[in-house]
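Residue numbers (my numbering), protein chains in the order written: chain A, 2 to 523; chain B, 555 to 784; chain C, 66 to 464; chain D, 7 to 297; chain E, 26 to 423.
No lab work stands behind these hints: they were computed from the structure.
Hints may contain errors.
Unchecked claim - If the Cβ cut is set under 7 Å, some of the chain D residues that face chain E in the computed set are:
#1 Thr142
#2 Ala156
#3 Gly279
#4 Leu281
Built from N, CA and C at the ideal position, the CB exists for glycine as well.
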Amino acid sequence: MTYRFLLLLTLFLAGTAHALTADEAKAIAVGESDDRIAAMNKAVANADDRTAAFLQALVDDAVKTAAGQVYVVRDGKGSDPVTGAEVPVPPDAEDVINNNRMRGELDTALAALKLFSKDAKLRAAAVTELQKDTDPSKLPLVEKAWAAETDADIKERLGLVRAAVLLSGEDKGKRLEAARLLADSRSPATRSLLLQRLKEETDAEVQAALQSSVRSVEASLAWGERAAAVFSGISLGSILLLVALGLAITYGLMGVINMAHGELMMIGAYATYVVQGLFRKYLPGAFDWYLVAAVPAAFLASAVMGAILERGVIRFLYGRPLETLLATWGISLMLMQLVRSTFGAQNVGVENPGWMSGGLVLGNLQLPWNRIVIIAFAFAVLAGMALLISRTRLGLFVRGVTQNRPIASCMGVNTARVDTYAFALGSGIAGLAGCALSQVGNVGPDLGQAYIVDAFMVVVLGGVGQLAGTVYAALGLGVLNKFIEGWAGAVLAKIAVLVIIVVFIQKRPQGLFAVKGRSAEA
Amino acid sequence: MLTIHNIHQYYGGSHILRDVSLEAKLGQVTVILGRNGVGKTTLLKSLMGLVPIKSGTILFDGKPIQGKTPYERARAGIGFVPQGREIFARLTVEENLRMGLATKPGSTAIPAELYELFPVLQQMLHRRGGDLSGGQQQQLAIARALAARPKLLVLDEPTEGIQPSIIKEIGRVIRMLADRGDMAILLVEQYYDFAQELADTYAVMERGEVVAQGRGKDMEANGVRQLVAI
Amino acid sequence: ADDTIKVGILHSLSGTMAISETVLKDTALMAIEEINAKGGVLGKKLEPVVVDPASNWPLFAEKTKQLLTQDKVAVMFGCWTSVSRKSVLPVVEELNGLLFYPVQYEGEELSKNVFYTGAAPNQQAIPAVEYLMSKDGGGAKRFVLLGTDYVYPRTTNKILRAFLKSKGVAESDIMEEYTPFGHADYQTIIAKVKKFSSEGKKTAVISTINGDSNVPFYKELGNAGLKAKDVPVVAFSVGEEELRGVDTKPLVGHLAAWNYFMSVKNPTNDEFTKKWAAYAKAKNIAGHKDKPLTNDPMEATYIGVYMWKQAVEKAKSTDVDKVIAAMGGQTFKAPSGFTAKMDEKNHHLHKPVFIGEVKSDGQFNVVWKTPGPVKAKPWSPFIEGNDKKKDEPDGKSKL
Amino acid sequence: MTPDLMEEGARRASAYARMAAKDRTESGGRHAATGRPVVPGEVDVAHGRILYLEDVSVSFDGFRAINKLSLDIAPGELRCIIGPNGAGKTTMMDIITGKTRPDAGTVFFGSTIDLLRYKEAEIAQMGIGRKFQKPTVFEQLTVYENLELALKTDKGVRASMFFQPDSADSDRLAEVLRTIQLADSVNRLAGTLSHGQKQWLEIGMLLMQDPKLLLLDEPVAGMTDEETARTAELFLTLKGQHSLMVVEHDMSFIQAISEKVTVLHEGSVLAEGTLEQVQNDERVIEVYLGR
Amino acid sequence: MSAVFGSFSRSREKAGDEGSASHPHPNPLPQAGEGVVLPGRAPLLTRTGWTAFLLALIAVCALAPVLNLVVPEASPFHLSDYAVALVGKIMCYAICALAMDLIWGYTGILSLGHGLFFALGGYAMGMYLMRQIGREGNYKSDLPDFMVFLDWKELPWHWTFSDSFLATCLFIVAVPGLVAFVFGYFAFRSRIKGVYFSIITQALTFAAMLLFFRNETGFGGNNGFTDFKRIVGIAIATPQTRMVLFVLTGLTLLGFFLFARWLVRSKFGRVLQAIRDAESRVMFSGYNPIGYKLAVWTLSAVMCGVAGALYVPQVGIINPGEMSPANSIEIAVWAAVGGRATLVGPILGAFIVNGAKSWLTVAAPEFWLYFLGALFIAVTLFLPNGVVGLLKKWGKSA
Ligand SMILES: Nc1ncnc2c1ncn2[C@@H]1O[C@H](COP(=O)(O)OP(=O)(O)OP(=O)(O)O)[C@@H](O)[C@H]1O
Ligand SMILES: Nc1ncnc2c1ncn2[C@@H]1O[C@H](COP(=O)(O)OP(=O)(O)OP(=O)(O)O)[C@@H](O)[C@H]1O
Ligand SMILES: NC(N)=O
Ligand SMILES: [Mg+2]
Ligand SMILES: [Mg+2]
């Protein structure tokens with residue numbers, strides 16, 4: 002590595018460049034990793050745009066070889082890496098395979114090349130790449146880039162990189178400066194760097210500076226860790242909430258012990274999968290927006306299935322809640338098998354759209370976009386549902402009908418229709434949950450089974466028929482679970498949460514938000 | 555307004571209503587009397603469509619309704635105060651009243667006169683129906699039936715559990731509603747004096763049959779009290 | 066009828082394991098169809114008897130009994146989870162049946178009535194870790210052993226721990242974490258891994274996470290920004306089929322160790338994948354008819370069926386004892402490109418080991434492989450006392 | 007210390023003082039001197055009261071349903087309770103039978119049993135029977151089984167496994183069946199009875215329980231005048247051996263049975279006296295009877 | 026108008042006066058119950074009931090052993106080992122269904138945790154069977170195999186008495202019973218009812234499952250216990266031992282059935298049903314429902330535990346999968362299919378559902394879930410009282 006940077010250094014300091022040759026390209030592309038890396042470093046030392054483009058092609062897995070010839074293949078078209086001219090690629094050409102090590106080297110090389118790019122974004126990316134490595138040989142390069150940098154933010158980050166390198170330098174003054182500078186860092190790498198240095202440092206003054214920097218870095222890291230724990234709790238809670246919301250209607254309000262709730266979620270997830278497939282096939286350009294169509298599709302698919310179930314089976318079972326357990330259990334078995342025979346028993350792939358991949362980086366905290374979106378989505382669904390149930394006539398009728406069906410019908414409510422709507426609504430919300438789940442987990446025939454127990458726990462813990470209770474229970478369980486998981490591990494956390502539920506119900510035998518008073522018995 | 559012709563009704567194997575015929579006219583209070591278990595409630599439930607009848611016809615406004623669902627009957631203009639109140643326990647008083655307005659478009663307001671009739675309802679507007687006392691619930695049930703201004707008001711023992719002063723009030727209301735002339739009232743009542751006071755026509759049931767019928771004025775003379783007592 | 070040989074297929078077609086096992090049933094059926102098309106075995110057609118043990122372990126035992134006593138099958142291909150195998154084992158032994166088990170497992174078992182065509186730990190786990198420690202593998206110095214809380218991961222990790230210790234890795238450089246079955250929320254775990262990896266030397270994750278939890282794990286991994294370059298994850302239960310459900314772009318470079326990858330290039334594999342694609346289309350196998358995938362347990366199943374056929378032909382009988390005797394030393398040109406050999410004694414295959422890196426299309430780039438097939442060590446030398454174990458099942462008949 | 011807390015403290019202190027004072031007046035501090043052994047579960051009516059409520063209050067979400075209610079009933083007395091809808095009559099019964107815990111106050115059965123310390127079943131075992139405003143019977147059991155369950159016997163688990171009605175029990179069952187006019191419905195499921203029949207059945211169950219104190223919440227609601235009269239008759243025969251507390255709105259029924267009437271209003275006693283006195287009380291007319 | 030009503034209440038009061046004065050009640054209160062026909066005590070079983078019971082007894086104790094062990098295999102009357110194992114297993118399930126009927130059908134408490142009690146009984150037996158393997162395991166050690174390869178050096182404390190058959194018999198009853206008792210005591214005391222109770226039973230069994238999955242818990246992790254060799258020193262995998270276990274299971278089932286029958290037709294049983302219908306009325310009638318619920322709950326758990334203990338040596342495996350929530354739900358499903366609160370129904374339900382499952386997983390391995398699902402739906406829609414309800418209807422119309 003040192004060797005390479007010395008080479009790079011000469012390159013940048015001398016500013017000469019020469020073109021990539023076919024032999025070089027071949028040496029970089031094929032052979033043992035060690036030899037390829039050496040060849041690459043040699044080429045980089047004299048890099049021009051072609052070299053950069055070729056390295057980029059290697060990173061993108063867009064290089065093939067056949068009979069000692071190297072080809073760059075993009076969008077099905079082959080080109081010569083040396084000349085850039087379009088050339089036909091022989092059919093027996095094999096992919097050039099880069100292992101992790103190779104890819105790492107390629108990235109660093111590219112980063113070094115990009116450090117002086119005109120595009121600030123590229124430079125920023127290059128700095129991020131360099132931050133991972135604190136090789137002293139980088140110093141001249143970093144210093145040069147640092148001096149030339151105009152963007153304040155990038156400059157600051159380069160400064161940190163520089164400090165990290167300086168930290169192990171000979172000069173006590175520089176070490177001191179570096180140690181102080183690094184106090185602002187929020188990267189866990191800095192902490193280990195500082196700690197490492199602390200072990201070796203002999204100078205008392207620098208030691209003190211190092212110690213105080215470690216404390217400050219650790220403080221900001223700890224903040225990030227705590228925030229991450231809370232976030233993960235809320236995120237788990239939001240998923241529990243989504244999973245439970247539909248059940249809060251079909252079970253909480255309507256009293257149907259809906260064992261097929263999970264399968265209705267599964268239908269929503271498969272609907273998302275289908276929409277994704279349609280977009281990929283017919284609207285590849287708008288693929289990133291497939292979710293916008295998938296959300297209503299998932300809702301509708303599950304709602305229609307719910308309506309069919311209500312009309313065909315459930316409606317004959319009102320007033321016999323325990324029978325609904327049996328019937329919906331049967332429905333659940335059939336729906337799962339139906340999906341197995343149409344989509345196969347294996348999982349299907351649902352991708353996050355581009356804008357939901359990756360995460361929002363705040364210091365050492367990285368909050369995945371898909372989770373942020375799901376949290377927002379859960380609360381949007383909650384708000385919509387709460388409004389519908391408490392503010393609209395349909396909501397009123399649903400509550401009335403589910404409490405006293407014959408009398409509601411004597412009041413002029415078309416109970417059959419309200420029942421269908423209500424069940425379809427609950428099912429549709431299950432579908433929405435399925436759509437959301439497809440963004441974080443498996444989409445397979447068993448999707449629903451994994452969540453059904455949790456869904457019932459949440460609804461019941463919150464208090465049957467109590468929407469607010471469902472919300473508190475979901476978030477509470479989510480945060481509690483993640484909190485315990487943090488120190489006891491996932492298995493014990495799950496056990497502990499279940500035990501806590503059992504104990505909690507002793508204190509609140511009607512759930513978190515119990516209906517009190519006489520109306521509870523009526 | 556309402557004509558019931560020869561209806562028969564069974565619960566499982568037992569014959570409950572036997573060939574019952576009855577009429578309720580606009581502007582009149584028709585009272586049904588009878589001892590416990592003779593089938594009064596069953597008759598009203600059949601009328602509302604809550605239990606199926608085996609045979610016979612029910613004409614409302616001249617149209618047969620025996621095949622219709624309860625909600626269609628309610629939409630046609632029948633208001634029902636069931637025995638045992640049957641309010642929506644977990645809906646608030648206000649929401650209970652709104653349920654009574656189900657046949658009307660969504661924007662219809664709860665008629666203010668209901669609160670004049672039953673001031674306690676206004677005080678307890680946001681309390682859950684199930685938390686009310688028995689008598690309060692009964693008042694709510696009556697108000698709920700009146701909310702949509704039905705053409706036929708069917709009441710199953712509305713005085714049960716209600717304090718005397720309000721019974722009087724209910725009596726007054728029933729009379730007033732009948733006298734307005736746009737409503738027929740069918741009242742099942744055990745409380746003989748209350749019934750007699752209100753009846754324009756009466757019918758006495760026994761073992762699922764109508765055994766006596768006549769004009770309210772003649773009740774005393776026809777010995778209805780004794781009939782009910784046997 | 067007497068002109069057919071009955072063959073039992075004992076894979077869950079419903080319940081939690083259907084996700085993985087269904088395709089093995091189809092693979093076995095495909096192999097049987099091929100054999101029948103070429104005239105069957107000993108002049109008789111093979112007649113598959115498919116049952117669904119429904120991911121229910123006692124039901125596995127019941128179905129086995131039924132296959133052996135009612136249907137009188139000559140051989141069974143089946144099971145995925147170790148517990149299903151353990152449930153079946155006493156029945157197979159009692160009734161002297163024959164079972165081919167096609168999945169990698171924790172070892173520590175040998176039965177005269179079972180042939181193990183999947184990998185033992187030394188044919189998968191150990192080479193994978195060796196690779197991670199190599200220069201090309203990133204020279205990992207710290208390890209996270211991450212698994213679903215059950216016997217296979219626990220045992221494998223126990224073996225790995227002993228192995229790592231033997232390589233001089235300190236206790237403090239090993240982190241072990243388990244999640245319950247079906248765990249779907251890996252936020253906390255990934256945060257822990259991140260923290261662990263930032264505390265020092267190059268870190269790698271060795272995942273024995275069970276099939277179901279892999280998609281949520283990898284989705285979280287991708288979104289949390291842990292790149293293969295920084296912290297590579299090597300998995301033993303993740304193959305082509307498991308990746309079907311994931312957006313693999315963020316996972317490029319993570320690793321898996323198997324004895325077969327769909328992407329290995331050789332004529333046998335080309336033929337195998339083509340045959341599978343055609344079969345899936347012809348039989349309208351949901352999922353595979355549009356996107357045919359093959360994987361290691363499928364290959365192992367396929368090898369198993371053919372080796373059994375060869376053994377029967379060698380023994381000139383389907384008699385279990387004779388077939389067992391004839392199995393030892395059987396070879397088969399496997400889709401992996403190597404010739405798999407049934408060990409003369411220990412009922413396990415000699416198989417090559419491949420390390421693959423995930424590509425963006427859900428396939429694997431083979432980045433390392435053993436020069437040739439490796440003999441299985443069902444009794445891991447890293448477990449105390451195993452050095453005294455016989456590399457051969459007890460009570461093997463002397464035929 | 008917030009004012010709230012101070013008030014609460016003061017309230018408690020005075021409540022304690024009252025309790026202490028009451029103890030003195032109740033038995034004149036003579037527990038030991040009287041030498042009456044306190045038999046657990048045995049109702050001590052030596053002080054002329056079988057039921058005694060003092061300063062009972064309960065509120066629901068801030069609404070005071072019972073407000074410093076004090077009331078007592080003598081052994082063998084038949085007391086009628088009337089009062090407007092929502093006056094707290096049913097709530098009072100809920101408190102006596104252990105269904106609702108009061109926020110404050112004391113409830114004694116006899117002079118030794120503090121009812122607030124017992125659960126529903128224990129209170130029932132001691133001899134307080136109750137008929138609910140809405141008839142509640144075991145709908146899936148037959149009329150006979152309903153009555154048999156109510157029969158006064160050992161109600162422990164083991165005892166009921168081996169229970170066999172003896173001839174005295176059978177006689178009693180038959181007698182009650184006739185009293186409630188359900189003799190030809192012994193094998194019908196209670197759920198199929200009409201409203202009025204359920205009322206009767208519930209009264210029958212009370213009779214089987216043979217309680218010392220009967221709490222009857224609107225027992226004649228939904229009965230014909232004729233049946234009302236029969237009920238009145240029945241209650242009059244019970245009076246003497248049993249104490250009864252009857253809540254009703256049917257004034258003719260009250261008239262038929264009453265000696266002493268208590269009027270509740272807004273959770274406390276508004277008036278007490280003979281029916282005549284009460285009926286002529288302006289306030290009672292105002293809030294309850296109407297003009 | 027007000028004038029009319031002004032006089033109204035007075036007239037009523039007058040009427041009351043007159044009522045009692047002028048008509049001295051036409052129906053004088055009867056003084057004794059002469060002429061009332063009280064229902065007699067229902068017999069433990071009807072005559073046909075006894076006949077059926079005896080037939081079942083003969084089938085289990087005589088017919089099955091003879092057909093299986095004596096009649097040669099070639100004969101069409103031979104009862105295969107497979108059938109014996111299958112029926113034996115289903116009889117264990119039937120005991121669970123019967124237990125479920127007591128608690129759910131009669132008392133109205135839906136337990137979604139009965140699988141736990143079944144598994145606890147099974148584990149108690151399983152531990153004993155593991156110890157009976159002795160040194161014949163893979164590792165030739167005194168410890169069970171799984172302990173050896175997880176590096177355990179000695180038996181953990183909770184295995185202390187596992188080598189004694191007597192202690193095992195005690196544990197089979199005591200462990201599920203105690204767990205149920207403690208859990209039930211707190212739950213019933215807190216007045217947890219209905220679905221709240223169901224859900225915490227589910228949470229309980231789920232938590233137990235996760236606990237047993239852990240290798241550290243010392244129950245063999247997810248693999249549980251298998252590969253049993255002997256029971257009370259006798260080889261387990263022989264037709265004779267199997268038949269003994271079969272007969273034992275059959276007798277247990279029949280015994281439990283009679284006991285349950287005796288129980289539900291006692292007053293105890295009626296109190297249970299009363300609790301189901303109106304618990305508060307039961308309290309106001311002077312019964313303390315906690316004792317009743319606790320008694321039947323614990324009894325039901327013990328029955329499941331015994332079933333589990335009989336199940337394990339017959340199927341040859343016990344593992345935490347038995348505690349999965351779905352298994353417990355299935356027990357309820359059997360009871361519902363057969364017909365709740367009928368005792369015979371749930372037993373029948375267990376046979377129908379499990380029989381169908383065994384048959385269909387072979388006959389239609391890819392479609393059987395449709396059939397089974399459809400069966401459940403059909404039963405609820407068309408047979409609200411389960412299969413027994415249908416049989417009763419036929420019986421009546423015939
Ligand atoms: N669901 C039912 N199943 C069977 N029989 C029933 C059912 N409901 C009522 N009955 C019977 O039908 C008869 C008539 O009952 P109904 O409720 O109509 O009487 P009613 O005249 O209203 O009496 P009450 O004055 O007591 O309210 C009664 O004998 C009753 O037992
Ligand atoms: N759980 C509760 N929550 C809120 N308010 C309640 C509750 N229980 C009772 N109340 C109120 O307390 C008051 C007293 O009720 P209670 O039922 O005791 O009246 P009552 O005297 O029995 O009336 P009625 O004669 O109508 O039966 C009523 O206003 C009622 O609305
Ligand atoms: N053998 C396994 N992977 O369970
Ligand atoms: Mg009635
Ligand atoms: Mg009241």
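Classify the hint on Leu281 of chain D as holds or violated, based on whether any CB of chain E lies nearer than 7 Å to its CB. violated, 9 Å
Cut-off 7 Å, beta-carbon criterion: hint that Thr142 of chain D touches chain E: holds, 5 Å
Checking hints one by one. Is Ala156 of chain D an interface residue toward chain E, by the C-beta closer than 7 Å rule? Check passed: Cβ of Ala156 of chain D comes within 5 Å of chain E, closer than 7 Å.
Let me know if the C-beta of Gly279 of chain D comes in closer than 7 Å to any C-beta of chain E, holds or violated. violated, 17 Å
Checked against the numbered hints given earlier, the structure breaks hints 3 and 4 and satisfies all the rest.
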